[in-house]
Structures are given as C-alpha cells and as structure tokens.
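Enquirer: This is what each chain is made of:
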Amino acid sequence: MTVTLAHGGGGRALRALLESHVGPAVGMDALRHDAAVLDGRIAMTTDAFVVHPLTFPGGDIGRLAVCGTVNDLAMAGAVPYALSLALILEEGLPLEVLDRILASAAEAAREAGVRIVTGDTKVVERGRGDGVYVTTTGIGHVPEGVDVGPHRIRPGDAVLVSGDVGRHGAAVLSVREGLGFDDAVGSDVAPVAAAVAALLAEVDVHCLRDPTRGGVAAVLDELATGHDIAIDEAAVPVHDGVRAATELFGLDPLHLACEGRFVAFVMKEEVNRAVDVLRTFGEAAEIGRVQSGPGRVWIRDSFGGERLLVRPWGDPLPRIC
Amino acid sequence: MRFVDEWRDPEAARGLARRIAERVTRPWRIMEVCGGQTHALVRFGIDRLLPEAVTLLHGPGCPVCVTPTATLDAALAIARRPEVVLCTYGDMLRVPGTERTLADAKTAGADVRIVYSTLDALALAESLPDREVVFLAVGFETTAPGVAIAVAQAEIRKIVNFSAIVAHVRVPPALEAILAGPERVVDGFLAAGHVCAVMGTAEYAPIAARHRVPIVVTGFEPLDLLDGILACVTQLEEGRHEVENRYARAVRDEGNRAAREAVLRVFEPVDRTWRGLGDIPHSGLALRAAYRRFDALERFAPQVGASRDAPECIAGAVLVGKARPTDCPAFGKACTPDHPLGATMVSSEGACAAYHRYRSVG
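So the sequences go chain by chain: G and F. Note that my numbering has the first sequence beginning at 1, numbered continuously upward. Note that my numbering has the second sequence beginning at 1001, numbered continuously upward.
Isolated chain G, as found in the complex (with noise of 0.2 Å):
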C-alpha cells in the first residue's frame, strides 16, 4: 500500500488512514479535534499549506495559513493568543513572492489580533517543494464558562452555516484549473474569531466546527455521531457564481472548503439570536436540524425528496488547502 493523493483529500480516505496509521503511532486523542484544550483553558493546534497556486482570487498562502489556524482555535472556543510560522522554501522562488506571502501573513494576523512570536525557515532543492510549504501552529485560551465541543450537540439543536459556502474551493479550482471563475469568485479566507466572539457573548452554543478541506459535508459527517443531521439544501447560502461553477462541473458547493465560514450548533430556541448576530459579519443562515437517528446526515431537496449524504473517498478536487 502507498499513499496516494485521495489520502490527502477531505474525504474517507483520510480518515481512514488517520483511524489506522496516525492515530494509533501518535494516540488517538490527537485526531479528535482540529485544536486541542489543554487543561480545559490552553487551546492548541498546527496546520500545514500545500495550496496550488501559491497565489489564489482572494488570498494567498500566507493570509491561508494565518486564517486557518486562528479559525482552528476559534472553533473550540479559544480567543487566537500567538502563531508560530514554519516556512519550507524551493530553490529559485523569487523573493519578491516570498515578501508578498509575508506581508499578507502579517496583515490576516493583525486582522485577527494575534502575533506572529517564532518561526522556522528551510530550504529545498529545485524540484523537491512546490514554491513554498507553510506550517503554522497556534495557541489561545478558552474564556471561563465557554464550553464548547461536539459532546453537547443534542437532537433539536439548530445547525448554522455563518455565511454563504464553497467559495475557497470554487476560488482555488478555477485558478487552478484555468476554468475562468477567478472574476465572479473568489475566496473567502479570513479570520472568523470576531464572529465567534460576537456569538458567544450572546447565545449558548453547543459546538463549532470550520468547513475546510471537504466542506460542509465533512463537518456534518463527522459530526453526526450519535444522532442524525437533517439539511434543508434549499436553506444553505451559496454565491451564485460558486452555483454556476458546481452546476458546470458537477460539483456539490456542500463538498467545497470555506476558510472564512464556521458551521454552529445552538439550540432552537436560540436561533434567531445567533442568526441576528452572525448576520452582522455575513449571509448566515439555519440549515437543518439535529434529529434522533444513529448518526446519517439527511439532505432535503427543493423536490421534497430526501437522500443520504454520502461522503466521498477523496476529495472532489485533489489538494485544495
């Protein structure tokens, strides 16, 4: 058996390699969430950027990478405290490149009221690295009384979507694959802890979780564990332009990373609050519903018919973050 480029993608085969090869080297307590609360108040958490093109509508590697793991301690609660920025660099790459990820890097880290504190820099041959690599890792504190995890979503929780979904993915696919949708989409890499912020201040919320690599989808399926979610496909919020692109390639927007988005879970009878709030930073909307079940995620069509979610094994686009 080898690796191969479906392992890397948001779907079952990463879990699966997670599930059988990571976890059990490692301990299985560091797969469970994106960010970890040491203590119950020190959240923790690392990413690694891969992205193709370095440079995407909307964003680049360095705001991604930034973004991301800020979002990562948002998502359990945390307020973003300091970054750390480990950058593998390719022979040949010209320094003005470099500087553009940088000054972008610095700007999404002021954007999200944290500092970049150390970092690491390498090299590699020509050939051995695709421009620039980038590692970031992060940590921040969890305030007291915040309380939020997938072990307090309960059947009757709302399921939010923070803003509309699919445009990184859609973004970086076009730009990738030259399908010429860089002028209607692009990216909406940025920093979502004033958003989260904002929500905890005013609504009890039961669990966070940023749509990344495999989109909302993901977060659904893997969150629906002990209970089922139902999706009201009509409800969710998705620009048109990242319509028109899925319509044209058979994509799913569901199966498309966000990295400025955050699905929430609340309950009911919270959810025109939270929406009110979320409303103020994007085009937030209640999606479904969390519902008794053994843990399937439940998608109504406009037609009134009801299907299964089913997750793929790869990622519908090979690497996107």
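To be clear, the hints were calculated from the coordinates, so they are not data collected in a lab. Treat each hint with caution, since some may be false.
[To be verified] Between beta-carbon pairs, the in silico distance windows are:
1. ALA198(G) x THR1098(F): 55 to 65 Å
2. ASP1338(F) x ALA198(G): 16 to 26 Å
3. GLU1238(F) x LYS268(G): 47 to 57 Å
[As the list claims (entries may be wrong)] Some chain F residues well away from chain G (every beta-carbon gap over 10 Å; in silico):
4. GLU1083
5. ALA1110
6. ILE1149
7. ALA1205
8. ALA1286
9. ALA1289
10. ALA1306
Remember, predicted model here, so these are calculated numbers, not experimental data. Backbone N, C-alpha and C fix where the C-beta goes; we use that ideal spot for every residue, glycine too.
Keeping the supplied structure of chain G fixed, place chain F upon it in accordance with the hints.
Expert: Okay, now just chain F, sitting in the frame of chain G:
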C-alpha cells in the same frame, strides 16, 4: 440563478406531472438516452412524480460507461511508456480496466493527468516537446468536435508529439441496436439534447419512421425532462411517432454546422464495440486517413492480453435498460464509488453512481 432556477420550479414540475398523469391511459416505457438526464431524473426524483404507468428506462448515453475495457487496457499500456503523458477527463481515472485503473497507474508512477478540454492536452504537448502527449478521447458527438479541432490544429501547427486514442461513439446507431431485437423493449425515446445541439435532429427521422417510435429531443433540467416525457406520452397516446424538438433553446434542427463539419472533416464512421451493447455497425468515430498519424493506437501499437470485466457486474444490462442498478446483488456492497466493479458506478453520468448518490438508504 438565471437559466437554472426557472427550470427547477417545484410547483411547475408538479403541474407537468399532473398533466402527464391525465394523459396516460396505459403503460409506456420511455428511455432517456443520456446519462446526464438519468442523473437529473434521479437527483430531483422526477421518476417518483410520474404515474405508475410510465416507466423510465435508463439508456446507454454515458460515454465513460460504454467504453470497452479493451480500450482502457490499451490506454493503460500506453500510459506505462516512460515518454508518455496520458491526458483524459477526470471520470476516466477510476474506471476499472482488466487489472487496474488509470488512477492506480498514476500512483505507480505513470504520468496521467486530468484535463478539461482536448485543447489543454494540445497545449501541454506544445509545452513538453520531449514527451508524447496522448489524449484518451471518450464521448458521444458532443465532445467529438473538440477532439476534431485539436487534431486539425495539431496538423496545422505541426505538433508531432500529440496523439489521441479515439473512442468516440454515435448515438443513432445505438438507438437502432436497442430497437433491433424481435421484442419491443422501448416505446419512446428522450433524445440527448447536447448531442442534438451539435449534430441536429435529421439523423433521427428515419429511426422514428422505421421503428414507429417517438423521439423527443429533451434537455436536462427537471422541467425539461417532464416536458419531454409529456410530449413523448402525448405522441404515444395519439399513435404518432415523430422527431419532436422540446429543447429549442439549445437545439436547432441543423445542429451546430461548424462543429458538425469539423467532426466530418477529421473523423469517419466505423464499426465499434460498446460495453453492454456489443458490436454496432457504424457506431464509432475514427480518424480519417489524412489524420491517422495522430492515432495513438497506431503510433504505439500497445500489446494487451484478453480484456475482461468483473464477472458479477451487470453494467451491460443496466446500459440497455434491461436492469436497474438496484437489481445488482453487488450494488452498494461489493460495488461502490470507492471500489467500483464497473464504469456505471464511477462516472458522474453512470446510472449506478446516480442511484448510489441519491438513493442510498443507509
């Protein structure tokens, strides 16, 4: 979104379904020819809106699905050559050959790349003058013009390191083959709108007349499909058998003349083997003598053993409407999109893939 939402209005769909129910007095079997139509029918549950008397049969119009295993085996053999970059559409990568898929070959080190257009493959050949770029060209008349133009361009621009495995097939001979048996299995056809957008409708008139079968050119959105079914049922109930264009926003009777001429200039009809349907006279397109030096099968003469399909796969019967995907004991068990036994489970236009994606019940 314009040009999509107005064709997906659930209320209008129910209205059309009611009109179909009012019109029907006895059972009819209607075959949608194109896999894209099958996919939309299953995705939107159109078949469930119809009266019981109307049975939809899923046709052979999935180009990936009807490509014989032998063609894939030849492509695999060519891809193994170190100088070759094999390009094809994404759907082809996970279709099982006799022993492996193109995705397996890629993991093992072959240079296999996904392209969205034949012209991308041609541009790749220009940028890699030391390599041989081979395009695996599958598809119906819809995608044939793109390949024809790429080959013609390669000729004009003297791009000698480009070639194609031409596995293109034609719809009309396949309809003839389905109607050829002693027993009538289909009462009416929904012809594939995109194929007709290129080729026009003239080829279908003799088939409709000879076999006394209505052929309705139909689009791909829910209201297109219901409208096509209504037109087909109306003809059947009235005893008519005409070619009727219900996809006028995309299809002109003469088709797309420039595209059709490009196909005729570069390709000629030849006998071809289809997965599921067997040998069908004049059903394939091959490069004409003037362009034959771009034929990858001649250039590389790949040596392949006897090709065979997974014995438990019933894709052949599914492709001619004789079986439904759910009739297969392997469906969703030994055969899934992750580990497909046949192409109908891989392609986004394959009937088995559509049923698996939209009709799995856990």
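Enquirer: With reference to the structure, classify each hint as holding or not holding.
Expert: Status of the hints after comparison with the structure:
no., hint, verdict
1, ALA198(G) x THR1098(F): 55 to 65 Å, "59 Å, holds"
2, ASP1338(F) x ALA198(G): 16 to 26 Å, "41 Å, violated"
3, GLU1238(F) x LYS268(G): 47 to 57 Å, "53 Å, holds"
4, GLU1083, "19 Å, holds"
5, ALA1110, "13 Å, holds"
6, ILE1149, "18 Å, holds"
7, ALA1205, "32 Å, holds"
8, ALA1286, "28 Å, holds"
9, ALA1289, "34 Å, holds"
10, ALA1306, "28 Å, holds"
When the structure is compared with the earlier hints, a violation turns up for hint 2 alone.
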